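*Asks:* As a plain string of letters, each chain reads:
There are 4 protein chains.
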Amino acid sequence: MTDNPAVIDPRDTVLGRSRVTDTPELEAFYQELAGQNAGAFWKRANAIEPWEPETRYRPTLWRYADMRALCLRAIDLVRPEEAGRRVVTLLNDSDAGRENVAVCGWLFSGMQAMKPGEITPAHKHTASAHRFIMEGRGAYTVVDGHHITLGANDYVLTPNGCWHDHGIAADGDVSIWQDGLDIPLMNCMETNFYAVHDQPRQTPAFPSNDLPLSYGGAGLRPEGVGAWDKPYSPVMVYRWETVRDALWNLAAVSEGSPFDGHMMRYANPLTGGWALQTMGAHMQMLPGGFRGQAHRHTGNVVYNVAGGRGYSIIGGERFDWETHDIFCVPAWMWHEHVNLDPSEPAFLFSFNDFPVMEALGVRIEEPYPDHGGRQPA
Amino acid sequence: MTDNPAVIDPRDTVLGRSRVTDTPELEAFYQELAGQNAGAFWKRANAIEPWEPETRYRPTLWRYADMRALCLRAIDLVRPEEAGRRVVTLLNDSDAGRENVAVCGWLFSGMQAMKPGEITPAHKHTASAHRFIMEGRGAYTVVDGHHITLGANDYVLTPNGCWHDHGIAADGDVSIWQDGLDIPLMNCMETNFYAVHDQPRQTPAFPSNDLPLSYGGAGLRPEGVGAWDKPYSPVMVYRWETVRDALWNLAAVSEGSPFDGHMMRYANPLTGGWALQTMGAHMQMLPGGFRGQAHRHTGNVVYNVAGGRGYSIIGGERFDWETHDIFCVPAWMWHEHVNLDPSEPAFLFSFNDFPVMEALGVRIEEPYPDHGGRQPA
Amino acid sequence: MTDNPAVIDPRDTVLGRSRVTDTPELEAFYQELAGQNAGAFWKRANAIEPWEPETRYRPTLWRYADMRALCLRAIDLVRPEEAGRRVVTLLNDSDAGRENVAVCGWLFSGMQAMKPGEITPAHKHTASAHRFIMEGRGAYTVVDGHHITLGANDYVLTPNGCWHDHGIAADGDVSIWQDGLDIPLMNCMETNFYAVHDQPRQTPAFPSNDLPLSYGGAGLRPEGVGAWDKPYSPVMVYRWETVRDALWNLAAVSEGSPFDGHMMRYANPLTGGWALQTMGAHMQMLPGGFRGQAHRHTGNVVYNVAGGRGYSIIGGERFDWETHDIFCVPAWMWHEHVNLDPSEPAFLFSFNDFPVMEALGVRIEEPYPDHGGRQPA
Amino acid sequence: MTDNPAVIDPRDTVLGRSRVTDTPELEAFYQELAGQNAGAFWKRANAIEPWEPETRYRPTLWRYADMRALCLRAIDLVRPEEAGRRVVTLLNDSDAGRENVAVCGWLFSGMQAMKPGEITPAHKHTASAHRFIMEGRGAYTVVDGHHITLGANDYVLTPNGCWHDHGIAADGDVSIWQDGLDIPLMNCMETNFYAVHDQPRQTPAFPSNDLPLSYGGAGLRPEGVGAWDKPYSPVMVYRWETVRDALWNLAAVSEGSPFDGHMMRYANPLTGGWALQTMGAHMQMLPGGFRGQAHRHTGNVVYNVAGGRGYSIIGGERFDWETHDIFCVPAWMWHEHVNLDPSEPAFLFSFNDFPVMEALGVRIEEPYPDHGGRQPA
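Residue numbers (my numbering), protein chains in the order written: chain A, 596 to 972; chain B, 596 to 972; chain C, 596 to 972; chain D, 596 to 972.
The hints are simulated quantities; they were obtained by calculation from the structure and are not laboratory data. Note that the structure is a prediction, hence the values are computed from the model and not measured. There is no bait here: all hints are sound.
Derived DEER-like restraints, expressed as beta-carbon distance ranges:
id : chain 1 : residue 1 : chain 2 : residue 2 : range
1  : B       : Ser803    : C       : Glu850    : 47 to 53 Å
2  : B       : Gly630    : C       : Thr608    : 43 to 49 Å
3  : C       : Gly821    : D       : Asp604    : 33 to 39 Å
4  : C       : Glu649    : A       : Pro853    : 47 to 53 Å
5  : B       : Thr866    : A       : Gly819    : 15 to 21 Å
6  : B       : Ala972    : A       : Gly712    : 53 to 59 Å
7  : C       : Glu647    : B       : Thr618    : 44 to 50 Å
8  : C       : Glu649    : B       : Pro853    : 42 to 48 Å
9  : B       : Arg658    : C       : Thr608    : 35 to 41 Å
All C-beta atoms in this analysis are idealised placements derived from N, C-alpha and C, irrespective of residue type, glycine included.
Next up, chain A with everything else stripped away, as it sits in the complex (with noise of 0.2 Å):
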């Protein structure tokens, strides 16, 4: 923001704005003020209390195609000991993007690629993570001396504070999934810790899948295995097949949103909250020939293709999608998705911050009002 002068708007000059003509008095006040570490409100007060929100985003895409063929070159190029992790960062197509490193808003994401036998030297963060897997066979995460499988098109946590490590099975596939964190939040509120462990694996101290097999039961909870006093889901990993049954056995009964067709949240089973304590994430089903409407609310979302072909129009901006692309909503810029496929559904996966959003009170959202709901082409 800068020291532009008061009014920056034509809606500036009602009662309730700042509208202060300066004078050589005041500009002396001013130096004197600054002499001080302090400032004139007016001077700056409708630049930093704007009318409503501009996001200092841009809506980008990555297409699968590229962004796979860049994380299978950076198996050849560089080691996981040697990098921590072998991750392509997205950096969002604008300058808050590259200085904070972030996909959108104050959100992380990466692509990690990793062939069979390869370990990511485990660690934990205050910065919460999730994955989505897009290919692979044969990969697996540890958190916390859980050991989790992970499959296709699968969500998995390593929540903050959890000590995390992954790899391949040595008979697995290449696996290629997108990481999602908060690193940029935890900069930006001065809360990330960082800390290695003393071994490079973990071993395990439970069965395999310990958590999903105790708490993946619809509707269900264990009881006798322990109290479970942590914030974020004891579920861990969302199994593809699960998410795609459920979808369609709402898709059965219900009409769907306008904006999003059928939509579900990874809930944690205890609360009914969202999965971690800082972002959320969703799978939707954009049944054969949806074509929606736009709407706009604050937080970023991140999308990643889990299936099927379409657009999206995000700030008067169509962006074709297609498998495994990833792309990103900015706060409070409209957007509507259209499944190109006449008969078949398309799913997107998501993660946003609205968990965030939530927690500050600001978590706003409005329909487009014009044009049938629609923005123009």
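Assemble chains B, C and D onto chain A, guided by the hints.
*Replies:* Just chains B, C and D now, with coordinates in the frame of chain A:
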């Protein structure tokens, strides 16, 4: 409780218990108090403040072979239009049970048999109800306009205040289920309201099974289908296949409880709590050859053997059971379960008043301390 | 409840109620059921599912002049060391009241008089207790090591499971208070445990009045004094001066309820909820000349006139009251309050079982619909 | 953050950190990534995942003597009708502070002086605001139609989304207060909305001070005045006399924290939590001669000396303060407080972003481990 002499237990001679020796003056005083709607606390203190609870209920078992025959007889003897509900009530083998029309504690249970084409007229009450299906085909219930189909070993809610009617499809089979309600609790609390619907059967207002299909995805919460603001679970019906598979999954990764083997609570996925406000329910799996240890707790439990054969020792008495036998464990009574099949698991459905105990701050439990945790034969 | 013929109300002839005409075959069936610990639901359905609650309790009033004299008599007749507690029990004028040792519903109340230097030996129970001080000087209670001084019209908690002993300082005056407990509820729920302390009186472990002095700041929460993880209010005692001033403040800015005038809940400042899990309490101020409207609700209320004179019409019957008279309103009975002083407010302390009603999901209320909201004289 | 070489700290040479040595092939790869809105994570990993937070803010102190003079000058230089609000902004002595118009972290603070008869035009914003009154007589604010009078050392809320206007009664005195807002946070989150009221001042819709008079009774909750469903405290204003007395009470019965002496949170009495969703506030009393120990924590704190004189050592630097001086402690910086008066207490008002830290799951604190808990001089 009676006006026994104050000292009713050898322990009552200590300081802190009532130890008054009556005198003629005191007797006269007691008369005077009685005339003023008053009494001397110390006359009844030890009786109304026992060292620990002593239940008025007795462990009781109902054999399915016997009860099933009675239920089928009832089909020939009364029609649901006349009976309201054609229910054979299970009465605890105690004065309290017969007086309060209670199966155990303040819980009601009955068995209901219906034949194809029959309906139970639509009504509602402040009592909460749930059903566990024992046999049949084509049964359904309609709860506040939501039509729900029912199969064997399914568990279904008809929460307090909801309109509900049940029936069997014309092409179904005779069906038998066990009702559980908190009618005695509602009467004891003087909070029981009843109303009949203006139509014998509700017209469903939603697609069949819309609630379980929307909310029955494991760890998933539907977005955009309207906020759920009810104090009970939106899942409404918990399918046997789901519950059974979840128990096998749980058993694969955990040791289970020494008292209850592997056990799943029928939970509200939006809160992690009980599905209803006043009654909880569980399905538990006793592994082949399981010989449980004894414990006791406040609250009452009514069991329905979902599968297998074994016995339970309750208050020192052995009760052998097989599929669909029903038995109960009264409050604060030692009990332990044994699966007589050496290799196949047994399954026990049960419902309880634990939510009431928790709400009142008196859910208390203790393990049996002697003989390796098992009651003497 | 008795085995009356099914139809017990003219309304019971509609579809949805039990309307079975008994036949010899049915009579035989009933005999057979009785032999199997079973019964025919339709025989008792209309009785156990009434159209609305009908209380077993009666409105009852105890005059302080009379009760005070009896309490003082008790001082001469028994010593607390022998009586445990020297309490004159208030028994509802009904069979249920006398049988359950209840003042109204599942609530217990008594009046306790102690003289300087006396103590009530330390003990604890799962029943929750609270006291409302009517007169005296130098009274105190010790709750889990926290010493609390008590003055007239103070309201003090002795929550479930807490060790407590009471007494009057050697230089104090004879003191009288009203006890409220949920002993009948705990017995009815079969959850009443009792224990005596190994010392007649606890040694205070904290400075006197530490809890009210720490937590009694309006809208303020102490930091750094240890987390409060108990399910009851840390305030422990609510001083009359504070409550009275708060009511005057409230009356200055609000119209009050047509039923209750200005009313304050004794609340847990950490939750906004009730101070205890099973019993709520209020102080209400009826302005000079207040003539309230009638309403009824589930749950039972026991009043103690903290100051003033007036009358209440309960179930059509008028009860005149003045300072420290005690009276009760049974569940679902119409009641309205009148302040006979044209200019000075009257104050009613009351306690209730509303927390239980809320926990069970059955807190229901309705205004009296006719005659301008007032019962016929 | 910049594209520094990966290793930025000697500790970064361990397994689990990025330790890649760049090669020509890698350099070429980085170029290619940059062309695809992508980057190599390992190039910036150590920078964006520091071992612990390092704040961009500096401890800064504003002397009241200086700032007061500037505020009074502003009265002569601009009118509130033109300025919107005549606020002197406090800018942290750092680039981040000047850039973000922040006092510390994502908090905004300013000092506002008004003279009798002036008003600040009614407006609202998603930013939450509160004020701490330093001097004057006759100040008031109107929040969503609730008129609130303000005196010295009172703390008042103007929560997010509420219409508010302020003023000084015509017969009052020039008044000065400190504003605290989360404007930087709302901008950083891209969630800042602003609106002006259609009238310069709201017409109060309730009796003056109705909310504090209704909800300001200690441990008491008004019944029958409408449910409070807002996410912020209904008390709205916390009076100095109440807070001061509560601190004296607390000090009489507890030892206090070694870091903060006796400390009260301005709390929401309906939840026990913070009064606002995004900013917390405290008043603390440092006893005469208090020499606190050092600790550090995530989150930022802005202090206003409500009374007394002393100093604080922040990040090893000493800041002397007296009444109404303002200073700040940035995130994760060691700090300790000393009261220079040997016998009289000092009072520190402060506000913070702890609610945000808690909502994000990253409220972390640790005591200074060396030199008896005190930083070297």
